[in-house]
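**Q** Below, each chain spelled out in residue letters.
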Amino acid sequence: MNNLLPVPVLLPMLGAALALMLGRRPRAQRLVSILVLAGVVGVAGTLALQANAFGPQTLWVGAWPQGFGIVLVADRLSALMLTVAALVTLAVLLYSAGQEDDEVKRETPVSIFHPTFLLMCAGVSDAFLAGDLFNLFVGFEILLFASYVLLTMGGTGSRIRAGSIYVVVNLVSSSLFLIALANVYAAVGTVNLAQIAQRVPDLPEGTQALLQFMLLIVFAIKAAVFPLSAWLPDSYPTAPAPVTAVFAGLLTKVGVYAILRTQTLIFPHRPLTELLLVVAAATMIVGILGAIAQSEIKRMLSFTLVSHIGYMIMGIGLATQAGLAGAIFYTAHHITIQATLFLVVGLIQRVGGSNSLDRLSGLLITSPLLAVLFIVPGMNLAGIPPLSGFIGKLGLLSAGVQVGTPLAWFLVATSVVTSLLTLYCIAKVWNRAFWGTPVAYSKAVADEDEEEPLGRSEGPMPPIMVAATCGLIGLSLLLTVFAGPLYQYATEAAGSLLDGAYVQAVLGEATP
Amino acid sequence: MTGSVTLAVVAGVLIAAGVYLLTERSLTRILVGVLVMSNGVNILFLVAAGPAGAPPILDMFPIDKMIDPLPLAMVLTAIVITMAVSAFVVTVAYRSFQLNGHDEVSDDVEDRRIRELAERDDVSDSYEDIGFSDTGEDRVSE
Chain A
1 MNNLLPVPVL LPMLGAALAL MLGRRPRAQR LVSILVLAGV VGVAGTLALQ ANAFGPQTLW
61 VGAWPQGFGI VLVADRLSAL MLTVAALVTL AVLLYSAGQE DDEVKRETPV SIFHPTFLLM
121 CAGVSDAFLA GDLFNLFVGF EILLFASYVL LTMGGTGSRI RAGSIYVVVN LVSSSLFLIA
181 LANVYAAVGT VNLAQIAQRV PDLPEGTQAL LQFMLLIVFA IKAAVFPLSA WLPDSYPTAP
241 APVTAVFAGL LTKVGVYAIL RTQTLIFPHR PLTELLLVVA AATMIVGILG AIAQSEIKRM
301 LSFTLVSHIG YMIMGIGLAT QAGLAGAIFY TAHHITIQAT LFLVVGLIQR VGGSNSLDRL
361 SGLLITSPLL AVLFIVPGMN LAGIPPLSGF IGKLGLLSAG VQVGTPLAWF LVATSVVTSL
421 LTLYCIAKVW NRAFWGTPVA YSKAVADEDE EEPLGRSEGP MPPIMVAATC GLIGLSLLLT
481 VFAGPLYQYA TEAAGSLLDG AYVQAVLGEA TP
Chain B
1001 MTGSVTLAVV AGVLIAAGVY LLTERSLTRI LVGVLVMSNG VNILFLVAAG PAGAPPILDM
1061 FPIDKMIDPL PLAMVLTAIV ITMAVSAFVV TVAYRSFQLN GHDEVSDDVE DRRIRELAER
1121 DDVSDSYEDI GFSDTGEDRV SE
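For the record, the sequence lines run as chains A and B. FYI, my numbering numbers position 473 of the first sequence as 473, with every residue one higher than the one before it. To convert a position in the second sequence, counted from 1, into my numbering, add 1000.
Chain B on its own, in the form it takes in the complex (with noise of 0.2 Å):
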C-alpha cells in the first residue's frame, strides 16, 4: 500500500491544531479543536485508503482500479459521530454559560479543596513540626 505524504502530513498538524485549542479553558475554543482533530483523523483514513481512484461500484469501472470503500464508510460514521458531539458539546457550554456567565471547565473539587487547605496553610491534629539537627539530637519546635 502506498500512502500520500502530503495527506499525512496536514493530518498531523490539523490534528496538532486541535490538540493545541484543547487545552484550552473554554469550551467553544475546546469545540473548534475537536472539529480540527477529527478533520485531521479522517485525513488519516483517507491516506490508509491508498491513492484516489474511480468509485466503487460493481460492474461499472475494473475492480483494481476501484478507491477502497471501507475506509471512506468509516470517515462517514466518524463525521457523523463528529456532529452529534459538536451538537452536545455547544449545548454543555450554553448552559455552562447561563449558569455561570463564561463557558469554561473548572477545576475538579479535589483540585480546590487541596488549594484552599494549602492557601490556609492547614496542617492535621496529628502533626509535629520536628526538625533535625546536625548534631543528630532532634529538636522539638514548641
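Pulled out of the complex, with its shape left as it was, chain A reads as follows (with noise of 0.2 Å):
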C-alpha cells in the first residue's frame, strides 16, 4: 500500500480543473500548472527512491477485496519514467511560459493550453502507472486527446492537415488496442497485467502468439517503430514548439515504455528478438536517411526521433539484463535530449525567422548563446563521449556484442552507422545555420513560403526560454555526470523486469 501513487494523476487532472477556471487570469494559470508540475516531480522522485529501496509499490484503487479494483504499480522502471517525463514537461512549461505572452495567445482566444498540457501529464503518468491493460488504455486515451487537441491548436491549414492525418492513425491503433483488449480477455478472463503473466503461458501457442503480436502492433504504432512511423514527421513540426518537444520526448517514449512492459512481463518465455531486432535496424536507418534528405530542422529532428526509437526496440529485442538496462538508460536519456532539441529549434526559429536550412545562415554571430544550446545536446543525439547518448548507447553495443549472434553484430555496425549519420546531420545544421555570413530575415519572403507555420514571432530570445532550454541542458548533463549510478539503477530495474518482483508484488498482497 503505497497512498503516494495516485496523485502523480490526480494532480494534474485537479490543476487542470482549476487552470480552466483561472482561464481569464493567465499569470495564476502559469503559477497554478508550474506548481502542479513541481508537486508531480516531488512525488515521482520518492516514488523512484521507494521502489530503489523496497521493491515496486502498489496501490489498489478502492481497496477492493482478492484484488477485483484497479491496481496501480511503480516499479524502478515506471517510477524512473515517471520522474524524467516530469522534470521535461515542468521545463517545457516553463518555456511556453516564457513563449506565450506573444505566440499562444495570438493563437488561442481562449487559454486552453495550460489545462491541456496538465491533462496530457495526468495521462502519461496514468499509463507509466496503470497496473492493468484496460487502466493503460484508458492513460493512452487521455493523453492522445490531450495531444489532438494540442497538435491542432489554433486550427490553422497545415495545423488541421497534420491533425487529421494523426487522430485517423492513433483512432486505428487504439482500435486495434481494444481488440487485443478483448482477445486478452477473452483468452485469460482478466486484464490484470500480473494476473496475465501468470495465466498466458497455460494458453494454446497459437492464441499466445496471436496476443503477443496485437500488443505488439499497437504499441509499435505509437512508439512509430518503422514500418509504422510514417505518421510521426508529418504530424509533429506544425505544431508550436514546445508541444512538439513534449509530444517528440514523451509520447513515443510512452509507447516504448508499453512495449517494455508487457513484452518483458506478459511474455518473458518468449521474447521475439529476431523480429524486434530486424525491425530495430530498420527503424534506425530508414529514419536517419530521412532525416538526411530534409532541409527543415524541425523535420529532420523528427525524422531522427524516428530513427533513435530503433536503439530502445534493439536493448528490448537483445531481452538480456544488459539489453533492456541499455534501452531504458537510452529512453531517459532520449526523453530529456529530443524535447531540449526541439526547444532549442523553436529559439533558432524566434531568432532566425526560420526553421528551413536554405534561410538560416550566420547565427554563430547573431546569437553565440543559441549556437552553444544548439551543439551541446546535438552532439550528446549523435553519441559524442563522454555525454549520456555515448554512454546510453555503449551499454546498447556490449549489450548485442554479449548477446554474439550474427543478427546482435548486425544491429551493433547498424547503430554504430547510425550515429554517425546523426553525426552528419547535426553537423549539417551547424554547417548552415550556424556558419555563414547572417542574413536578414525578410517577411516578403517568409510569406511566399506556405508550409511555414503562422503566428510566428521574430526577436531577441526571452530570458525564461533560455533558462528553461538551459534547465533541461542541465538535466541531459547531469545524466552524465551521474551516469554511474544512473546506470546501476537501469540495471536493477531491468533486472526486477526480468526476476518477476512485479507479478509478486502485485499479487502478493492481493491474495494474503
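Among the chain B residues that face chain A by a calculated CB cut under 8 Å, a handful are: (1) Val1089; (2) Val1092; (3) Val1105.
Since the hints were derived computationally from the structure, they do not count as laboratory data. We treat Cβ as the ideally placed atom computed from N, Cα and C, and that holds for glycine.
Hints given; two lone chains; assemble the complex.
**A** Here's what the structure looks like:
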C-alpha cells in the first residue's frame, strides 16, 4: 500500500480543472500549472527512491478485496520514467510560459493550453503507473485526446492537415488496442497485467503468439517503429515548439515503455528477438536516411526521433539484462535530449525567423549563446563521448556484443552507422545555419513559403525560454555526471523486470 | 468459456466495414468507419463476456447465473471514448471544410515534395547518366 501512487495522476487533473477556471488570468494559470508539475516531480522522485529501496510499490484503488479493483504499480522502471517525464514537462511548461505572451495568445483566444497540457501529463502518468491493460488504454486515451487538441491548436490550415492524419492513425491503433484487449480478456479472463502474466503460459501456442503480436503492433504504432512510423514526421513539425518538444520527448516513449512492459512481463518466456532486432535496424536506417534528406530542422529532428526509437527497440529485442538496462537508460536520455533539441529549434526559429536550412545563416555571429545551446544537445544526440548519449549507446553495443549472434552483430554495426549519420545531420545544421554570414530576415520571403507555420514571432530570446532550455541541457548533463548510479539503477530495473518482482508485488498483497 | 458465433461474425462484419470506410479520403466517411468499427469492437467484448445472464447485482441473483460485469464496464468506457473522438473528428472535418472547402485528408508534405520532383524530372547535381554496354565498354552520355 502506498498512497502516493495516484498523486501524479490526480494532481495534474485537479490542476487542469483549476487552470481552466483561471482561463482569464494567465499569470495565476501559469503559477498553478508550474506548482502542480513541481509537485509531480517531487512525488515521482519519492516513488523512484521508494521503488529502489523497497521494491515495486502498489495500490489497489478503492481497497476492493482479492484484487478485483484497479491497481497502480510503480516499480523501478515506471518510477524512473515518471520522474524524467515530470522533469521534462516542467521545463517545457516554463519555456512556453516565456513564449506565450506573444505567440500562443495570438493563436488561441481562450487559454486552453495549460489545462490541456496538464491533462496530457495526467495521461502520461496514468499510462506509466497502470497495473492493468484497460487502465493503460485509458491512460493512452487521456494523453492522446490532450495531444489532439495541442496539435491542432489555433486551427490553422497546416495544423488541421497534420492533425487529421495524426487523429486517424491513433484512432486505428486505439481500435486495435481494444480488439487486443477483448481477445486477452476472452483468453485469460482478466486484464490485470500480473494475472495475465501468470495465466498466459497455459494458453495454446497460437493464442499466445496472436496476443503478443497484437499488443506489439498496437504499441509500435504509438512508438513510431519503422513500418508503422510514417505518420510521425508528417504530423509533429507543424505544432508550436513546446508542443512538439513534449510530444517528441514523451508520447513515443510511452509507446516504448508499453512495449517494454508487456513484452517483458507477459511474454518473458518467448521474446521476439529476431523480429524486434530486424525492425530496430530498419527503424534506425530508414529514419536517419529520411533525416538526411530534410532541409527543415524540425522535420529533420522528427526523422532522427524515429531513427533513435530503433535503439530502444534493439535493447528490448536483445532481451538480456544488459540489453534492457541499455534500453531503459537510453529512453531516459532520449526523452530529455529530444525535447531539448525541439525547444532549441523554437529559439532558432525566433532568432532566425525560419527553421529552414535554406534561409538560415550565420547564427553563430547573431547569437553565440544559441550556438552553444544547439551544439551541446546535438553532440549528445549523436553520441559523442563523454555525454549520456554515448553511454547509452555503449551500453546497448556491449549488450549486443554479449549476445553475439550474427543478427546482434549486424545491429551493433547498424547502430554505429546510425550514430555517425546522426552526427552528419547535426553537422549539416551547424554548417548551414550557424556558419556563414548572417542574413537579414525578410518578411516577404517568409510569406511566400506556405508551409511556414503561422503566428511565428521573431525577436530576441526571452530569458525564461533560455533558462528553461538551459535547465533541460543541465538535466542531460546531470545524466552524464551521474551516469554511474543511474546506469546501476537501470540495470537493477532491468533485473527486476526479469525476475518477476512485479507479479509478486501485485499479487502478493492481493492474496494474503 | 463459450462464445457466441453469431456475435463474433457480426463483430467481424462490422470491423471489416469500418476498415473499408477508414480507407476513404473524406473525414466524414472516416468518422462513419470509426463508429461502425468501434461498435464491432464493443461486440467483441460481449463475446468475451460469455453467454447472457442475470444482472450482476449481489444478493439478488445467484452468482453462477450472473453475466460477467467487467467487459460491460469496459464497453461503457469505450463508448464514452468513441463519443469524444467523434466530436473531435467532426470538429476537425468542419474546420477543414471552412479552410479548404472539402474535408479530405491530404497527402503528407514529403509525398507531395517527392511527386513534384518526379514530375519536374529533377536530378541532383552530382548525378551522371552512365549507360553500360554489353561489350564491357562503358559509354558516358554527353
